[in-house]
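Letter by letter, the chains look like this.
2 protein chains.
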Amino acid sequence: MLWFTGLSGSGKSTIAERVHAELERRGTEVEYIDGDALRSVFPTTGFTREEREEHLRRTGYMASRLEAHGIMVVASFVSPYRESRDFIRKLCRNFVEIYVSTPLDECERRDVKRLYARARRGEIRNFTGIDDPYEPPSHPELTLDTRSSSVDQSVAQVLERFGDYF
Amino acid sequence: MLWFTGLSGSGKSTIAERVHAELERRGTEVEYIDGDALRSVFPTTGFTREEREEHLRRTGYMASRLEAHGIMVVASFVSPYRESRDFIRKLCRNFVEIYVSTPLDECERRDVKRLYARARRGEIRNFTGIDDPYEPPSHPELTLDTRSSSVDQSVAQVLERFGDYF
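Chains A and B supply the protein sequences, listed in that same order. Per this note's numbering, the very first residue in the first sequence carries number 8; after that it's consecutive. Per this note's numbering, the very first residue in the second sequence carries number 8; after that it's consecutive.
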């Protein structure tokens with residue numbers, strides 16, 4: 008399981024989607040799970056700590072069952088709490104935590120989805136980085152810095168290190 | 008996906024476990040999901056309508072993703088609400104609803120887990136059949152009557168009709 012974590016707008020989904028597409032092209036049986044997409048299936052999921060953690064635990068459980076049947080999982084979630092990421096790590100056989108470490112000021116500068124602007128105006132609450140915490144991984148298997156590496160370079164780095172890992 | 012629904016103590020898990028074991032023995036890639044077992048992974052899940060439905064929708068989504076990768080799913084859940092079962096039906100490619108129709112008085116007479124006695128004493132709330140509703144399937148693909156059929160007969164019936172369905 009390749010678990011991408013990082014702030015909103017850090018670039019994690021862009022990289023994860025590319026990794027997923029490349030694995031699929033190679034014939035790997037692989038599932039891609041994206042935080043935003045999954046929330047659209049479960050629209051009542053809120054953003055309190057409790058709701059976020061439950062959402063992540065459920066996702067992690069699903070991933071672990073897919074993995075148990077030999078399906079590789081690529082997941083992209085803000086997943087701000089160390090506790091929930093560690094819960095998922097314990098469930099999975101192979102948990103690779105990939106920290107997309109783009110700092111807040113850079114994510115906010117890019118603000119692709121205009122969410123930071125809205126969070127700053129108070130139109131969105133519990134927004135990670137603004138009025139909700141992000142706990143960086145203590146020992147991620149890989150850290151990607153999108154300021155110094157291009158998307159292509161990041162994708163290549165993930166595939167080189169973990170593309171045959173499973 | 009073989010989805011067993013019925014009251015607590017109806018015998019659905021006994022039949023579903025046997026079906027799962029037999030499919031596995033035949034070499035089918037199959038996952039078994041049981042309501043009680045899953046609740047032990049997510050112990051904070053309550054029994055209000057809202058919590059039950061969310062729990063079932065999450066389970067159904069997981070099952071549909073497993074199914075999408077060619078894994079057959081056998082699931083045993085009280086799943087009392089038509090709405091949540093229909094939600095899962097829509098997510099899945101092949102949804103086979105198996106109604107284990109053992110009536111309340113018979114489930115209560117057996118009361119294998121002593122749960123009906125506790126529900127009658129008010130020690131358990133929101134207990135399906137006692138102080139919470141059970142909505143029987145309107146058009147189940149199969150109905151099993153455990154009063155007139157043995158476990159062996161029920162298992163055989165499921166496998167004969169749906170063992171090669173996927």
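Derived from the structure by calculation, the hints contain no laboratory data. Fair warning: this is a prediction, and the values are worked out from it, not measured in the lab. One or more of the hints may lead you astray.
[Unchecked claim] Computed footprint of chain A on chain B; a stretch qualifies when at least three of its residues, placed anywhere within it, have a C-beta under 8 Å from a C-beta of chain A:
1) 14-27
2) 40-54
3) 60-66
[To be verified] Counterexamples of contact, computed for chain A against chain B with all Cβ distances above 12 Å:
4) Thr52
5) Thr66
6) Ile137
[To be verified] Cut-off 20 Å, straight-line C-alpha distance, at most; resulting in silico cross-link-like pairs (SDA-like, lysine to any residue):
7) B/Lys97 <-> A/Lys97
8) A/Lys97 <-> B/Glu142
9) B/Lys97 <-> B/Asp159
The beta carbon of each residue, even a glycine, is placed where N, CA and C say it ideally should be.
Results of checking the hints against the structure:
1. For a cut-off of 8 Å, the count of residues in the region 14-27 of chain B with a CB near a CB of chain A stands at 0, and the three-residue condition is violated.
2. With 3 residues bearing a CB less than 8 Å from a CB of chain A, the region 40-54 of chain B meets the requirement of three and the coverage assertion stands.
3. Counting residues of the region 60-66 of chain B whose CB lies closer than 8 Å to any CB of chain A gives 3, so the stated coverage by that chain holds, three being the minimum.
4. Some Cβ of chain B comes within 12 Å of the Cβ of A/Thr52; the nearest lies about 9 Å off, and the non-interface call is violated.
5. Its closest Cβ contact with chain B, about 9 Å, brings A/Thr66 to no more than 12 Å, contrary to its assignment away from the interface.
6. The claim that A/Ile137 is not at the interface with chain B holds, since no C-beta of that chain comes within 12 Å of its own (minimum 27 Å).
7. Between B/Lys97 and A/Lys97 the alpha-carbon distance is near 32 Å, which puts this suggested pair outside the 20 Å criterion.
8. Among the hinted pairs, A/Lys97 with B/Glu142 is inconsistent with the structure: their alpha-carbon atoms are about 37 Å apart, more than 20 Å.
9. Distance hint between B/Lys97 and B/Asp159 is unfulfilled; the C-alpha atoms sit about 30 Å from each other, more than 20 Å.
When each numbered hint is compared with the structure, violations occur for hints 1, 4, 5, 7, 8 and 9.
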